[in-house]
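Novice: Residue strings, one per chain:
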Amino acid sequence: MDVLLAILSQFGLFGLLTVGIAIVFAALRVVNLAHCDFAMLGAYAAATLTGMPFGWRVVAVLATTIPLLVLVERLLRRSFADGLGALLVTWGVGMALRQIAEVTFGATPRAVAAPISGSVAVFGAQGPAYRLVCSLVAVTVVGLVLVVAYRTRWGLTLRAVADNPAMAGLLGTDPNRLRTTAFVAGGLLAVLAGALYSPTLAVSPSTGFSLLVPTFFALLFSRPGSLATAALAALGVSALAVLLRTWLSDVVADALFYVVVIGIAAARSRPTIRRLVTWSRRFAVRSA
Amino acid sequence: MRGAVFFAVPAVLLAAAPFGLSAFTLAVLTLGLTYGLFAYGLDLAWGRAGMLSIGHAAFFGLGAYAVALAEKHQWPLAVALLSALVAGAMIALVIARIGLASAVPDAPLILLTLGVGLLLQKAATSFTPVTGGPNGLTVSDPGVVTTYYRTLVVAAVVVGLGSWLVRSRFGAQLIAAARNPERAEQTGIDTVRVRTIAFVVSATVSTIAGTLYAPVAGLVSPPVFGLALSTSVLVWLAVGGRESVLGPFLAAVVLTAGQQLIGSSWQSWYLLGLAAVFILVVQVLPGGVAGAVRGWLRRGRAAVTLPRVRHRPRVVSATDEPALVLQGISKSFGPVRVLDGVDLTVTPGRCVCLIGPNGAGKSTLLAVVAGQLAADAGTLRLFGRDAAALPVHARVRLGLGRMFQIPSVIAELSPADNIRLARLGAPAEIELPEAYQDLAADDNTVAGSLALADRRRLELAMVLSGAPRLVLLDEPAAGLGPDDARRLVSALRDVIANTGCAMLVVEHDMDIVRGLADDVAALHHGRVIAHGSMDEVVADAAVRQAYLGAS
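As you go down the protein sequences, you meet chains D and P in turn. Under UniProt numbering, the residue at position 150 of the first sequence is numbered 150, and the numbers go up by one with no gaps. Under UniProt numbering, the residue at position 212 of the second sequence is numbered 212, and the numbers go up by one with no gaps.
A couple of the hints might just be wrong.
Facing chain P, a subset of chain D residues (Cβ under 8 Å, in silico) [stated by the list, open to error]:
| id | residue |
| --- | --- |
| 1 | F54 |
| 2 | D174 |
| 3 | L220 |
Pair ranges (Cβ atoms, derived) [as the list claims (entries may be wrong)]:
| id | chain 1 | residue 1 | chain 2 | residue 2 | range |
| --- | --- | --- | --- | --- | --- |
| 4 | P | P129 | D | T50 | 38 to 44 Å |
| 5 | D | D163 | P | D511 | 50 to 56 Å |
| 6 | P | A303 | D | V260 | 40 to 46 Å |
| 7 | D | V252 | P | L93 | 33 to 39 Å |
| 8 | P | S449 | D | T48 | 49 to 55 Å |
| 9 | D | V252 | P | L261 | 41 to 47 Å |
| 10 | P | P129 | D | D163 | 23 to 29 Å |
| 11 | D | A63 | P | S163 | 52 to 58 Å |
| 12 | P | Y149 | D | A63 | 17 to 23 Å |
| 13 | P | R299 | D | A63 | 45 to 51 Å |
| 14 | P | R337 | D | V148 | 37 to 43 Å |
No lab work stands behind these hints, which were simulated from the structure alone. Positions of the beta carbon are idealized from the N, C-alpha and C atoms, including for glycine.
Using the sequences and the hints given, assemble the complete structure.
Specialist: Put into structure tokens, the structure is as follows:
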């Protein structure tokens with residue numbers, strides 16, 4: 001039970017981040033390497049704006065990062081024709097954000113007090129109350145995003161632009177406007193993730209960056225443009241990370257996490273296994 | 001000659017540097033040189049092979065730790081260096097193979113290089129008894145001047161070998177493979193192999209740079225694998241300019257000197273400034289300083305030129321076998337059966353046109369023959385050899401040539417270089433027909449700026465330069481006006497008459513089919529329903545049924 005709660009909590013974090021980065025990737029076809037550094041901004045807001053209640057801190061940071069996200073998206077648009085160029089810009093933006101945080105707040109990690117103290121027992125497992133609350137909030141938000149993506153007009157447009165931006169443009173959507181909205185929406189999810197989970201993290205300039213690799217792995221394992229598979233992949237990555245940590249020491253678990261995930265990536269690239277995967281998918285289509 | 005002067009002046013200045021500089025300045029210059037070599041190594045991957053790595057410090061760190069560990073544990077230095085080089089090369093090999101298995105290798109490459117760097121950093125931090133943990137290991141320094149000359153000599157030798165490599169036949173193949181893998185495969189280049197080798201060489205050069213770094217720095221600690229260094233080397237290379245030798249070295253030396261001068265309390269600000277410069281360069285000056293200079297020197301002409309490499313003729317055994325024999329070729333996409341047992345034979349010197357309604361499977365069949373798609377069942381023989389399992393470039397080396405529906409040439413090279421590239425992979429040197437001589441002599445434009453009809457002409461000239469024995473064409477007249485189309489048909493007939501090669505053409509326009517075809521094969525629902533002369537096929541009841549629905 002402990003393990004399930006830990007997976008739920010980890011999934012809340014990775015799920016928000018992965019779905020956010022997947023939205024950006026769907027609309028812009030760019031892996032946003034600064035994505036998790038936006039989460040770091042959210043975490044710092046929660047750590048430093050101690051004058052107001054926790055909930056208001058989250059709202060404030062969400063509101064103030066919108067102009068920043070719009071600005072970054074404008075930067076990206078300049079080098080949009082060259083996919084690698086846009087990628088490098090996000091790398092530069094991430095680096096700049098980390099350095100700004102270091103210059104402003106220093107490199108020492110900070111702790112954030114949880115707004116809800118105490119612990120609760122769920123099905124016999126004891127855990128901090130805030131952890132449970134923020135996991136539930138995060139998972140709910142992930143669910144809401146999926147509902148928006150698959151049940152609303154905006155979600156349909158997003159999936160259309162992800163699939164074929166030129167065609168979507170001809171059908172009357174403005175791809176540029178959608179890209180801005182998607183970038184802001186995806187970035188806000190990351191900011192929210194950082195702010196919500198700040199009490200469970202040691203907040204430092206590299207907080208966001210340490211989340212980038214698992215998020216990126218989850219994105220790589222999902223189908224481009226499909227948010228549902230992104231959420232699923234995030235669940236898989238969180239389960240793997242948590243399980244390894246329960247069985248092994250932290251250092252070994254982290255190392256093994258990379259090894260396992262790189263192993264899966266290697267296996268997926270082998271033609272025989274790829275064929276097996278397509279074959280099983282075909283089988284699934286037929287039986288459906 | 002001008003190139004020699006270009007390199008001789010810096011070489012003399014560098015050799016004389018210890019006589020005019022203070023010990024501190026010389027140490028900074030040495031550090032700049034090792035970083036420059038590191039950036040030069042990254043250039044082989046990011047610049048020359050088009051494979052972006054944002055964790056290249058992983059390889060650099062391996063080299064640095066090899067030197068430090070050998071000193072700490074009294075291991076023989078040669079063994080430690082060799083193991084670091086082998087380990088770096090193996091890691092690079094695995095990363096490159098995984099990355100290149102996907103059509104767009106950028107994201108997997110970034111992730112894997114990042115992951116390996118973080119993993120090694122963690123390992124170096126955790127295994128304290130061996131690596132000294134977070135504090136790292138100290139390395140002794142034999143003296144500023146000795147270290148400087150050692151660094152200079154090793155860097156010069158490595159750069160010399162690297163320059164020889166990129167000017168060789170391999171370099172020519174790499175230029176094509178990094179820019180247009182599809183067309184490169186069609187000139188017989190194994191693009192995955194070429195790019196993998198480039199990535200491994202890049203990792204090796206970076207490892208060597210790391211071994212030079214250890215004595216210069218005096219201390220090797222986990223951040224040597226880290227993000228800051230990986231990012232810095234990206235910045236040096238981006239600012240200095242890719243596909244250049246002097247650019248990355250200059251940028252590394254200048255920026256390293258800047259970092260040393262600015263003092264440790266301002267390091268965060270320095271890195272912030274570096275990030276801003278990086279964003280600015282990527283957006284405004286994608287080619288870096290070297291790219292800007294090159295663009296100014298070579299106004300309007302191609303910025304990239306193919307190294308002049310001698311052609312090596314290859315022996316291809318002549319056969320009397322048919323050029324192409326297909327038996328029972330089937331191919332399904334999910335539940336849709338696109339090809340359903342195709343039998344077809346093309347004999348040398350014949351032009352077979354494939355006709356059929358939309359969705360009959362014509363383009364799929366062409367892709368199966370070319371090797372882009374693998375058939376689910378059936379046998380495929382090219383010139384008497386079983387070719388069903390051969391990759392695209394191996395089929396090209398058997399004598400297959402291919403033109404695409406949208407002409408595919410290497411847009412950054414001049415037309416003449418495109419043709420030179422095609423000749424590199426050819427079994428024999430072929431004299432191009434008169435009509436293509438203008439393209440073969442054109443070194444002053446880039447192929448990407450040609451008009452559609454000229455680009456198609458260039459693609460055909462490239463295919464012909466490869467001395468093919470079977471040419472596949474997918475709607476060669478699509479998008480051409482009637483005059484251009486007629487000219488193309490007569491050019492193709494001339495090719496068949498002069499070289500005796502066979503052709504398999506997908507075409508919709510019946511006038512062109514009539515002008516071109518010796519035989520016509522009609523495809524419907526993934527099967528050949530009629531095969532014979534134009535008149536026979538047109539008169540065939542099944543064909544009329546398929547096209548018109550009439551009986």
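Novice: Under the constraints set out in the numbered hints, which ones does this structure not fulfil?
Specialist: Those not satisfied are hints 1, 2, 5, 7, 10, 12.
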